[in-house]
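Trainee: Below, each chain spelled out in residue letters.
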Amino acid sequence: MISFAELALNGIVSGLVIGLAALAVTLVFGIARFANAATGDVMTLGAYAALSGAGLTGSLVLGGLFGAAAGAVVGLIGYWLVFRKLGGRSSVAALLASIGVAFMIRAVMGVAFGHGQKVFPMPMVRPWRILDIRVHPNDVNLCAVVLVTLAIVFAILHLTPIGRQMRAVADDPSLARVSGISPQKVMMALWALAGAVSGVAGTVVGIKTVVSPEMGWELLLPAFAAAILGGIGHAGGAIVAGIALGIVQEVATPFVGFTYKIALSFVVLLAVLLVRPKGLFGTVAGAR
Amino acid sequence: MSSILSIRNLRGGYSEVDILNGLDLDLAPAEILVVAGTNGAGKSTLAKAVLGLLPRLSGTVSLAGDDITRLPVEARARAGIGYVPQVSNVFPSLSITENLAVVEGVTGQKARIEEMFVLFPALAARRRSRAGSLSGGERQQLAFARALMTRPRVVVLDEPTAALSPALVEESFARIASLAATGAAVLLIEQRARQALAIAHRGAILDGGRVAMSGSAETLLADDRAAALYLGQQH
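Each protein sequence line maps, in turn, to chains A and B. Note that the first sequence covers residues 4 to 291 in the working numbering. Note that the second sequence covers residues -15 to 219 in the working numbering.
It is worth saying that the hints were derived from the structure and are not from the lab. Values in this document were obtained by computation on a predicted structure and should not be read as measured data. Just to be clear, a hint being listed does not mean it is correct.
To list a few chain A residues with every Cβ distance to chain B over 10 Å, as calculated [what the hints assert, rightly or not]:
1) Arg129
2) Val151
3) Ile184
Quick list of the computed label-pair ranges, beta carbon to beta carbon [unchecked claim]:
4) B/Arg112 / A/Gly239: 15 to 21 Å
5) A/Lys188 / B/Gly192: 52 to 58 Å
6) A/Arg92 / B/Glu98: 56 to 62 Å
Derived, one-sided and incomplete: chain B residues facing chain A with beta-carbon distance under 8 Å [unchecked claim]:
7) Arg54
8) Glu58
9) Ala61
10) Ala85
11) Val86
12) Val87
13) Thr91
14) Ala95
15) Glu99
16) Leu103
17) Phe104
18) Ala108
A virtual CB, placed ideally from N, CA and C, is assigned to each residue, including glycine.
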């Protein structure tokens, strides 16, 4: 029982990360209207930037900010050079282009940092024991980072003018334009925000596990799954679904083994979609 | 006559085929102008051309003497063209207040939102509700309020009564009539030409992408040719 509680706790941590990645996916889908396959590799880039930043400054917090900033910058570059030009084309064209962007980022990371695994220099800390359940202080810190990031994203979306405009464009892009909202400004804010979220997600994954050029790509499918499970375009849904998938994966590991735990999360996804085709929180389809 | 909106020799359409074929139209300040005509005459296309939503366009559209033909949609909105679409006229997931606050190019935004709530009291009571929860009539009020946020010089209404239940049509026309009091000129695209002309100053009847007849509302209502060909006998 106690080991299950520990697995579940672990699941919450990895689920929050999946949720963060799914949030980046769902933001882009809701506003730019395509599934951005480069999300995972922007995470990788964020992790490497955070690793370099932490190495330079000796501070993990500053490293994480490096990761977020690098994600935002690459998000903006990707928009400006690639996705901006594809505006108005089919979402399949943008999806394929994003796969290309993903491969490019991964190749650059491989050349720049090598293909070996790197780890963040984390101090060894004895886990706490709460009701006989082992709780790692690092995990608690990572949860806090994810929750703060989520709070910032939701505050931007709901409390700032640009966030309101992003939600308006997600609702109805042409009505947004006739209301004087510049699509380009909203897109730049979106890509910077989604990139920063991906950068933080990558940093958290890197701290929790290892940093390698493939790390983000491997998280892309769970992130897509969580975005769909939560109801595509629904920011809160992405987080809840990410946590749910994370817990299912971890708790199932003793039964199905490490190799199949990802497959299991897709079984959950399929089962939920059979009952609720729009996902857990989805209402009407966002795309028109 | 000094026009607030002036349209000259407008041609264009969605693909290769021209739907507008050299259309000229003038709108005076604070005037309500009804644009009527059969389906396919180019009414909605004209609205899109004024808003900047038409992919292919030649000719000129001027707002208060400034050529806005090449301005993108959002810049025209900020320059003073308000638009109430026929359907999809609110942001459903935003609250009523957010629907108004999201509009760009509004000076004194908070005060302007309160002015809108005075103008449309039904909205004030539900300002925190999501726009998606509103009825058709309430949505239209919100759409009017959103379009008026920028204190527009011209408001384009695309068949405002088409999606409403018959009981709401009269209320909607009364609301349109009161728009002129805000100082905005109204370009009213409308199928229900008789009812529309009753609240309008002038009318223009389109045929084949041109203005086939135009004149004061009274003249058009009394004209047999207009009535028979374009207005429909009953509506």
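Trainee: All hints, please: hold or fail.
Mentor: Okay, the hints, checked on the actual structure:
no.	hint	in the structure
1	Arg129	holds, 47 Å
2	Val151	holds, 25 Å
3	Ile184	violated, 5 Å
4	B/Arg112 / A/Gly239: 15 to 21 Å	holds, 18 Å
5	A/Lys188 / B/Gly192: 52 to 58 Å	violated, 40 Å
6	A/Arg92 / B/Glu98: 56 to 62 Å	violated, 42 Å
7	Arg54	violated, 15 Å
8	Glu58	holds, 5 Å
9	Ala61	holds, 4 Å
10	Ala85	holds, 6 Å
11	Val86	holds, 5 Å
12	Val87	holds, 5 Å
13	Thr91	violated, 12 Å
14	Ala95	violated, 16 Å
15	Glu99	violated, 17 Å
16	Leu103	violated, 18 Å
17	Phe104	violated, 17 Å
18	Ala108	violated, 19 Å
Against the hints set out earlier in the document, violations occur for numbers 3, 5, 6, 7, 13, 14, 15, 16, 17, 18.
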